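Visitor: Here the protein sequences come in this chain order: A and B. Heads up, the first sequence is in UniProt numbering, so the first residue is 1 and it goes up one at a time. Heads up, the second sequence is in UniProt numbering, so the first residue is 1 and it goes up one at a time.
Calculated from the structure, these hints are not laboratory results. Note that this is a predicted model, so its numbers are computed, not measured. Keep in mind that a hint or two might mislead.
What the hints assert, rightly or not - Not everything, but these chain A residues come out facing chain B in the computed CB check (under 10 Å): (1) G26; (2) L183; (3) Y187; (4) L308.
What the hints assert, rightly or not - Label pairs and their calculated CB-CB ranges: (5) B:A192 with A:D73: 56 to 62 Å; (6) B:G253 with A:L164: 37 to 43 Å; (7) A:A9 with B:G166: 33 to 39 Å; (8) B:G166 with A:R279: 32 to 38 Å.
Claimed, not checked - Here are the computed lysine to aspartate or glutamate pairs in the DMTMM-like style, where the Cα-Cα straight-line distance is at most 25 Å: (9) A:K116 with B:D188; (10) A:K46 with A:E14; (11) B:K61 with A:D50; (12) A:K46 with B:D162; (13) A:K46 with B:D188; (14) B:K42 with B:D162; (15) A:K116 with A:D189; (16) A:K116 with A:D50; (17) A:K116 with B:D219; (18) A:K46 with A:E17.
Even for Gly, the Cβ is constructed at its ideal location relative to N, Cα and C.
Residue-level listing of the chains:
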Amino acid sequence: MTSASSGLAGTTHEPDETGHFGPYGGRYMPEALIAAVDEVAAEYEKARRDPEFLAELDRLQRDYAGRPSPVTDARRLAEHAGGARVLLKREDLNHTGSHKINNVLGQALLTRRMGKTRVIAETGAGQHGVATATAAALMGLECVVYMGEVDTERQALNVARMRLLGAEVVPVTTGSRTLKDALNEAYRDWVASVGHTHYILGTAAGPHPFPRMVRDFHRVIGLEAREQVLAAYGRLPDAVVACVGGGSNAIGIFHPFLDDEGVRLVGFEAAGDGVETGRHAASITGGSPGALHGAMSYLLQDADGQTLETHSISAGLDYPGVGPEHAFLADSGRATYEPVTDAEAMDAFRLLCRTEGIIPAIESAHAIAGALRLGRELGPDATILVNLSGRGDKDVDTAARWFGVVDPESLPTEAPPGPVDADGAVASGEREL
Amino acid sequence: MTTTGNTTTGNTAAGNTTAGNTTAGSTATGIDRLGEVFTRAKAEDRAALIGYLPAGYPTVKGSLGLLTQVLDAGADLVEVGLPYSDPVLDGPVVQHAVETALRAGVRVRDTLEVVEQLAARGGRAVVMTYWNPVLRYGVDAFARDLANAGGLGVITPDLVPDEAAGWLAAADREGLAPIFLVAPSSTDERIAATTAATRGFLYAASTMGVTGARDAVSDTASVLVTRARAHTDLPIGVGLGVRNGAQAGEVAGFADGVIVGSALVSAAEHGRAAVARLTTELAAGVRGQHTGR
């Protein structure tokens, strides 16, 4: 089986020297942080050629995170996908419950190499924050996680997990109080703390070298899956699908298939209430090129270039931008990106629970919804590989509200994300679980 | 107390062919007129005072009045902030002001309008803007419209020369000064490259951190100015953290320009008189006449 470190070996699909994927990527950021990202880039270049670093990464990914993750043939789910074979890459089974640990272990090791003692991170759903808090505990690093106040409420379980792991969680109360504002605060912290702090950026976005480096740490997903599918079925999948917020799990599973011309790559973006309503987070489907948080890419912006507020039931996809390599792949047509609404994602969430006994993260439920759609299009001879990027324990409260499976009186009082009636109460029973 | 200037010129700067560089009654470029700010201050053996306030705070008309006040009370140049939704290099004071301006519906063209009104009164102004609003407006169009409005240059907190080829060409064409930042963390190599791309004056960030008034100006500021002087003859303005006359005097001891932002924004919360008082104190500070605080 492919080891985690083989994702760092270099590919034929690299950005230029200064981190550009075509017109996207680069560094749109304060001069004060350029020295820091230069240091990260230089250290990463050394580390990825250092056998000791690679061996340590492999050891952690195997003995600590539990790699390789299995591929599950989802036969009962497949009945709802036009009979196509649906294979789930089980990143939900990694330690901490999502793919995020792949990147975090790599960057935490890099932090130690750089002699820094403190890490900061932004988080939306809390999966990246939990993974960062975990790695910080493991390596004895101080850890501060910035999280939008809205997200600390809807992902309260992950806030508790981070605090149990010894991290400080800072609720961000500026702007839309979600993931983009958490990124702003993390950058503000880093400008003032860069001497002893590494910013463990959680997705394949931001300034060079993050899009490339984070992608490399996640390439293990696709490398493993490609080998697993070939070994079990003697063929490549017809399509590889993933949810796309910032796009780290998607680029991780897509990348090793880029040269397999017959394999369709499809990313599913969070369409919230529907792209046409304006209440969504589908940056490629509904956005345009611009610079945000360090890179040029697609983003959701108004006529003046102000970042738009986004909406998704999934905190981890509720972000107005996307990694620059996805923008490049979208323009080139090598990958396509389609929207999935809150309602479609939640239907898929329920279906996966009931057919396979797997409670997915709501982020990953967008990929499941996309696979169902694609399966019906491609038919029973098709094989679809889905990145099941995370598990749904953190989303039980949101899902319970959505489906009205518990008495709303018994839940905390913050605004319910599910359907509400005129009095603001959860319209229980409207959706059947 | 001063007036807000001519607020009846309703149209935006876009497409305006009458104001332009002729506002000053000469054909001097923005870069030339920016240079004069520092030449004059130097002739008076002092540093220039540069004041920042965002356009649209508390309203577009209100911001014009406040910026006019800053110029009338002794600032040599103003930085007109272009409000942006994600100001990663700004601390809480500027964030709050900018959020207020955006909630009130300020547009990019309002910033150009404020610049035009200031220039029409003979005021000297540059724009401070994060880069995405300019990208969205169109880099060439923004440069053209700012030059036509009588603006002198643009400070770009999240655009480094490495990504600025298009902007440098447009600025050069319009005679606008591209004003880049250097920071205490900048390597000598980067200081050299940044100063080579900069016109008008170099913006030296006094400390590693976001904007905001601080009790003491960091020692790193003078070190950075000394390092930058090894690479350039450009005037050097120091910003981030200056809040009173004493600090302005201290910075004036080693820099060509003293840049004050958050402290003025805080004063603006208390109205024009407070802005005038602080500016007067700062203007005395850059002349070595501060009363000591």
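Visitor: Take the hints in turn and mark each one as holding or not.
Guide: To see whether the hints hold, each was checked on the structure:
With its C-beta approaching chain B no nearer than about 5 Å, G26 of chain A sits inside the 10 Å limit, and its interface hint holds. With its C-beta approaching chain B no nearer than about 8 Å, L183 of chain A sits inside the 10 Å limit, and its interface hint holds. With a cut of 10 Å, the hint placing Y187 of chain A at the interface with chain B holds, because the nearest CB-to-CB distance is about 4 Å. Annotation: L308 of chain A was flagged as interfacial toward chain B, and the flag holds, the nearest CB pair being 8 Å apart, inside 10 Å.
As the Cβ distance of A192 of chain B to D73 of chain A is approximately 59 Å, the hint placing it in 56 to 62 Å holds. Range check, G253 of chain B to L164 of chain A: about 52 Å between beta-carbon atoms, so the 37 to 43 Å window is missed. A beta carbon spacing of about 35 Å between A9 of chain A and G166 of chain B agrees with the range 33 to 39 Å that was offered as a hint. Take G166 of chain B and R279 of chain A: their Cβ atoms lie about 34 Å apart, and the range 32 to 38 Å holds.
Between K116 of chain A and D188 of chain B the CA atoms are separated by roughly 23 Å; this keeps the pair inside 25 Å, and the hint holds. The straight-line distance between the Cα atoms of K46 of chain A and E14 of chain A is roughly 17 Å, inside the 25 Å bound, and the hint therefore holds. At roughly 60 Å between alpha-carbon atoms, K61 of chain B and D50 of chain A are farther apart than 25 Å, so this suggested pair is violated. Taking the CA atoms of K46 of chain A and D162 of chain B, the gap is about 23 Å. The hint holds against a cut of 25 Å.
Distance restraint check for K46 of chain A and D188 of chain B: the Cα-Cα separation of roughly 23 Å lies within the 25 Å cut-off, and the hinted pair is therefore satisfied. A C-alpha spacing of about 31 Å is found between K42 of chain B and D162 of chain B, which places the hinted pair above 25 Å, so the restraint is violated. Restraint check: the Cα-Cα separation between K116 of chain A and D189 of chain A comes to about 15 Å, which is no more than 25 Å; the hinted pair holds. Between K116 of chain A and D50 of chain A the CA atoms are separated by roughly 19 Å; this keeps the pair inside 25 Å, and the hint holds.
With a CA separation close to 24 Å, the supplied pair K116 of chain A and D219 of chain B stays within the 25 Å bound. Proximity of K46 of chain A to E17 of chain A is assessed by CA-CA distance (about 15 Å); at most 25 Å being required, the pair is judged to hold.
Checked against the numbered hints given earlier, this structure breaks hints 6, 11 and 14; the rest are met.
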